[in-house]
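J.: Given the coordinates of chain A, work out where chain C with the ligands should sit on it, guided by the hints.
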Amino acid sequence: MVGKKVILLRWIWLLPAVLCTPVFAAEECYTAAATGGAVTFRVMQAGAPYTGTFRSFSGEVCFTQGRITRIDAALDPASVDTGLPELDAALKEKDFFALREYPRVTFVSTSVQSQGDTHTAHGTLEIKGNRREVEIVLRSQPADGKISVSGSLVLDRLQYGIGAGEWTNTKWLGAEVKLDIRATLSRKQ
Amino acid sequence: MAKFRNSEESYGILAQVLHWCVAMLIFVQLPLGVYAANLPVSLARLQWLSYHKSIGITILVLALARLAWRWIDAPPALPDTMALWERRAAHAVHWALYVVPVLAMLAGWLYASAAGLSVNWFGILLIPDLVAKNAELAPLFKALHHGLVGVLVLLLIGHVGAAARHAFLVRDNIVQRMLPAAWWGKK
Ligand code: HEM
Ligand code: HEM
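For the record, the sequence lines run as chains A and C.
Using the numbering used here, read the first sequence as starting at 4 and increasing by one per residue.
Using the numbering used here, read the second sequence as starting at 40 and increasing by one per residue.
Since the hints were derived computationally from the structure, they do not count as laboratory data.
Wrong hints could be hidden among the right ones.
[Unchecked claim] Listed below are the simulated SDA-like cross-link pairs for lysine to any residue, each with C-alpha atoms no more than 20 angstroms apart in a straight line:
{"no.": "1", "chain 1": "A", "residue 1": "LYS95", "chain 2": "C", "residue 2": "SER81"}
{"no.": "2", "chain 1": "A", "residue 1": "LYS191", "chain 2": "A", "residue 2": "ASP147"}
{"no.": "3", "chain 1": "C", "residue 1": "LYS172", "chain 2": "A", "residue 2": "ALA51"}
{"no.": "4", "chain 1": "C", "residue 1": "LYS172", "chain 2": "A", "residue 2": "PRO88"}
{"no.": "5", "chain 1": "C", "residue 1": "LYS172", "chain 2": "A", "residue 2": "PHE57"}
{"no.": "6", "chain 1": "C", "residue 1": "LYS172", "chain 2": "A", "residue 2": "ASP84"}
{"no.": "7", "chain 1": "C", "residue 1": "LYS172", "chain 2": "A", "residue 2": "THR56"}
{"no.": "8", "chain 1": "A", "residue 1": "LYS174", "chain 2": "A", "residue 2": "PHE99"}
{"no.": "9", "chain 1": "C", "residue 1": "LYS172", "chain 2": "C", "residue 2": "LEU145"}
{"no.": "10", "chain 1": "A", "residue 1": "LYS174", "chain 2": "C", "residue 2": "SER93"}
{"no.": "11", "chain 1": "C", "residue 1": "LYS172", "chain 2": "C", "residue 2": "ILE96"}
{"no.": "12", "chain 1": "A", "residue 1": "LYS149", "chain 2": "A", "residue 2": "ASP120"}
{"no.": "13", "chain 1": "A", "residue 1": "LYS174", "chain 2": "C", "residue 2": "TRP160"}
{"no.": "14", "chain 1": "C", "residue 1": "LYS181", "chain 2": "C", "residue 2": "LEU164"}
{"no.": "15", "chain 1": "A", "residue 1": "LYS97", "chain 2": "A", "residue 2": "ARG134"}
{"no.": "16", "chain 1": "C", "residue 1": "LYS172", "chain 2": "A", "residue 2": "GLU89"}
{"no.": "17", "chain 1": "A", "residue 1": "LYS174", "chain 2": "A", "residue 2": "ASP159"}
{"no.": "18", "chain 1": "C", "residue 1": "LYS172", "chain 2": "C", "residue 2": "ASN159"}
{"no.": "19", "chain 1": "A", "residue 1": "LYS95", "chain 2": "A", "residue 2": "TRP170"}
{"no.": "20", "chain 1": "A", "residue 1": "LYS149", "chain 2": "A", "residue 2": "ARG70"}
{"no.": "21", "chain 1": "C", "residue 1": "LYS172", "chain 2": "A", "residue 2": "GLY50"}
{"no.": "22", "chain 1": "A", "residue 1": "LYS131", "chain 2": "A", "residue 2": "LEU176"}
{"no.": "23", "chain 1": "A", "residue 1": "LYS181", "chain 2": "C", "residue 2": "LYS172"}
{"no.": "24", "chain 1": "A", "residue 1": "LYS181", "chain 2": "A", "residue 2": "SER153"}
{"no.": "25", "chain 1": "A", "residue 1": "LYS174", "chain 2": "C", "residue 2": "LEU165"}
{"no.": "26", "chain 1": "A", "residue 1": "LYS181", "chain 2": "A", "residue 2": "MET47"}
{"no.": "27", "chain 1": "A", "residue 1": "LYS95", "chain 2": "A", "residue 2": "LYS191"}
{"no.": "28", "chain 1": "A", "residue 1": "LYS174", "chain 2": "C", "residue 2": "ILE94"}
{"no.": "29", "chain 1": "A", "residue 1": "LYS97", "chain 2": "C", "residue 2": "ILE94"}
{"no.": "30", "chain 1": "C", "residue 1": "LYS181", "chain 2": "C", "residue 2": "PRO79"}
{"no.": "31", "chain 1": "A", "residue 1": "LYS174", "chain 2": "C", "residue 2": "PHE161"}
{"no.": "32", "chain 1": "A", "residue 1": "LYS191", "chain 2": "A", "residue 2": "VAL46"}
{"no.": "33", "chain 1": "C", "residue 1": "LYS172", "chain 2": "A", "residue 2": "LYS149"}
{"no.": "34", "chain 1": "A", "residue 1": "LYS191", "chain 2": "A", "residue 2": "SER112"}
{"no.": "35", "chain 1": "C", "residue 1": "LYS172", "chain 2": "A", "residue 2": "ARG58"}
{"no.": "36", "chain 1": "C", "residue 1": "LYS172", "chain 2": "A", "residue 2": "VAL46"}
{"no.": "37", "chain 1": "A", "residue 1": "LYS174", "chain 2": "C", "residue 2": "SER81"}
{"no.": "38", "chain 1": "A", "residue 1": "LYS95", "chain 2": "C", "residue 2": "LEU78"}
{"no.": "39", "chain 1": "A", "residue 1": "LYS131", "chain 2": "A", "residue 2": "THR43"}
Remember, it's a predicted structure, so these values are computed and weren't measured experimentally.
This is chain A alone, in the form it adopts within the complex (with noise of 0.2 angstroms):
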């Protein structure tokens, strides 16, 4: 009995300075809204770059002095955009991102490193119920109150069932996906 009441006035010391950790090192949570922002994808079809967009995305990013503490980002595959509507439509179907079951494509990072301001972010990536270990390196910068950031990233749709039956052929649809991000962030309220 007496010995507890001895450790806990040993470290009574300490309070003052927990307590006031989240006043000098406060984490700052940021949203992406898809408005500032977009998602771009780059695939080869017989032989030739495709291009396409995802229009709505969302996402949370917090920083720590600078230091990018966390992301949690999602992507909503049903708002793909192609200019070609008849592609946009078998897209959602189930040899694509099958969004009756899987309506969203989710990111949540388990580590970042920050330098300056190129953040290496590793995280899970979970498209259609396959989740994958990747690493993203994104961009961030100053924009008026706000932060805009970027970044890429290289995947192969395979790995992920993206493009089932059929479309596991590679020569006229190329298996490496390059995403392109661009979000802006503004201080969550």
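T.: Chain C with the ligands in isolation, oriented as in the chain A frame:
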């Protein structure tokens, strides 16, 4: 014997080879386009459209080569045995058969560019886009491609019909001028 250049009585080897290559490819290209365009979104559609675009670019180059060669090497004059209106009609249709396919192919290329469906020529050579991807312009170019191909089909009906008329009704030597037979024919 065989003449490389056009003579007074017949087309030369180069003009004939180019004419029949273009003719054959256009007759392949028409059903290929209809077939590919009506496939649902599938691997086959990507594949056949890719062939259509590659063959189309090939015809475009051949058609421009034909025009250039025609400028260098004047075609044989049409004989006086043909009425003036016949000669005028033949000239008009021949000119249209140079201009309309070229425009139709440019429209196809514009459509492919605006739709973002860039062309890789038989998987060997990436062909540059004529315009940037543009969802508003794409349907316009597509309609233009279809319309010009429609005009081309009408011209071809007239052209092939006239050739048949010369061969079977008028029975003059007009068709032979575009055939190798002319090289060893009369003389
Ligand atoms: C079965 C198909 C075809 C037949 C039988 C045919 C027949 C002919 C013949 C006999 C001539 C020579 C006329 C003359 O003696 O002055 C000719 C000229 C010509 N043909 Fe065709 N043709 C065919 C397809 C095509 C196609 C698909 C094109 C499309 C571009 C074409 C474009 C032309 C042109 C531009 C000339 C004029 C050549 C010149 O004077 O510079 N023909 N064709
Ligand atoms: C003389 C040459 C050409 C002919 C006769 C031709 C003919 C056609 C025809 C008949 C169609 C189908 C229309 C339909 O049924 O919906 C088509 C579609 C198409 N053509 Fe061509 N074409 C030619 C050249 C080209 C070129 C050079 C390109 C591009 C580089 C091209 C690109 C396309 C594309 C992308 C479609 C698909 C349009 C759709 O999705 O409906 N074509 N063409």
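J.: Would you mind marking each hint as holding or not holding in the structure?
T.: Going through the hints against the structure:
1. LYS95/A x SER81/C: At roughly 14 angstroms apart (the allowed maximum being 20 angstroms), SER81/C and LYS95/A satisfy the hint.
2. LYS191/A x ASP147/A: At roughly 15 angstroms apart (the allowed maximum being 20 angstroms), ASP147/A and LYS191/A satisfy the hint.
3. LYS172/C x ALA51/A: holds, 13 angstroms
4. LYS172/C x PRO88/A: Holds. LYS172/C to PRO88/A sits at ~14 angstroms (cutoff 20 angstroms).
5. LYS172/C x PHE57/A: holds, 16 angstroms
6. LYS172/C x ASP84/A: holds, 12 angstroms
7. LYS172/C x THR56/A: Holds. LYS172/C to THR56/A sits at ~12 angstroms (cutoff 20 angstroms).
8. LYS174/A x PHE99/A: Distance of about 17 angstroms is within 20 angstroms: holds.
9. LYS172/C x LEU145/C: This hinted pair holds, its Cα atoms lying about 16 angstroms apart.
10. LYS174/A x SER93/C: Distance of about 16 angstroms is within 20 angstroms: holds.
11. LYS172/C x ILE96/C: Within the cut-off at roughly 19 angstroms; holds.
12. LYS149/A x ASP120/A: holds, 14 angstroms
13. LYS174/A x TRP160/C: Holds: LYS174/A and TRP160/C sit about 14 angstroms apart, inside 20 angstroms.
14. LYS181/C x LEU164/C: violated, 23 angstroms
15. LYS97/A x ARG134/A: With Cα atoms ~18 angstroms apart, LYS97/A and ARG134/A stay inside 20 angstroms; holds.
16. LYS172/C x GLU89/A: At roughly 17 angstroms apart (the allowed maximum being 20 angstroms), GLU89/A and LYS172/C satisfy the hint.
17. LYS174/A x ASP159/A: holds, 14 angstroms
18. LYS172/C x ASN159/C: Judged against 20 angstroms, a Cα distance of about 16 angstroms means the pair holds.
19. LYS95/A x TRP170/A: With a Cα-Cα distance of about 14 angstroms, the restraint between LYS95/A and TRP170/A holds, given a limit of 20 angstroms.
20. LYS149/A x ARG70/A: holds, 15 angstroms
21. LYS172/C x GLY50/A: Roughly 17 angstroms between the alpha carbons, so the hint for LYS172/C and GLY50/A holds.
22. LYS131/A x LEU176/A: Distance of about 19 angstroms is within 20 angstroms: holds.
23. LYS181/A x LYS172/C: holds, 18 angstroms
24. LYS181/A x SER153/A: Given pair LYS181/A, SER153/A holds - Cα atoms ~13 angstroms apart, limit 20 angstroms.
25. LYS174/A x LEU165/C: Holds. LYS174/A to LEU165/C sits at ~15 angstroms (cutoff 20 angstroms).
26. LYS181/A x MET47/A: Measuring from Cα to Cα gives roughly 10 angstroms; hence the hint holds.
27. LYS95/A x LYS191/A: At roughly 32 angstroms apart (the allowed maximum being 20 angstroms), LYS191/A and LYS95/A break the hint.
28. LYS174/A x ILE94/C: holds, 19 angstroms
29. LYS97/A x ILE94/C: violated, 33 angstroms
30. LYS181/C x PRO79/C: holds, 17 angstroms
31. LYS174/A x PHE161/C: Cα-Cα ~12 angstroms, so holds.
32. LYS191/A x VAL46/A: Violated, at roughly 34 angstroms.
33. LYS172/C x LYS149/A: Outside the cut-off at roughly 30 angstroms; violated.
34. LYS191/A x SER112/A: holds, 19 angstroms
35. LYS172/C x ARG58/A: holds, 17 angstroms
36. LYS172/C x VAL46/A: Holds. LYS172/C to VAL46/A sits at ~15 angstroms (cutoff 20 angstroms).
37. LYS174/A x SER81/C: holds, 13 angstroms
38. LYS95/A x LEU78/C: Judged against 20 angstroms, a Cα distance of about 18 angstroms means the pair holds.
39. LYS131/A x THR43/A: Distance ~18 angstroms between LYS131/A and THR43/A Cα, so the pair holds.
Hint compliance for this structure: hints 14, 27, 29, 32 and 33 are not met, and every other hint is.
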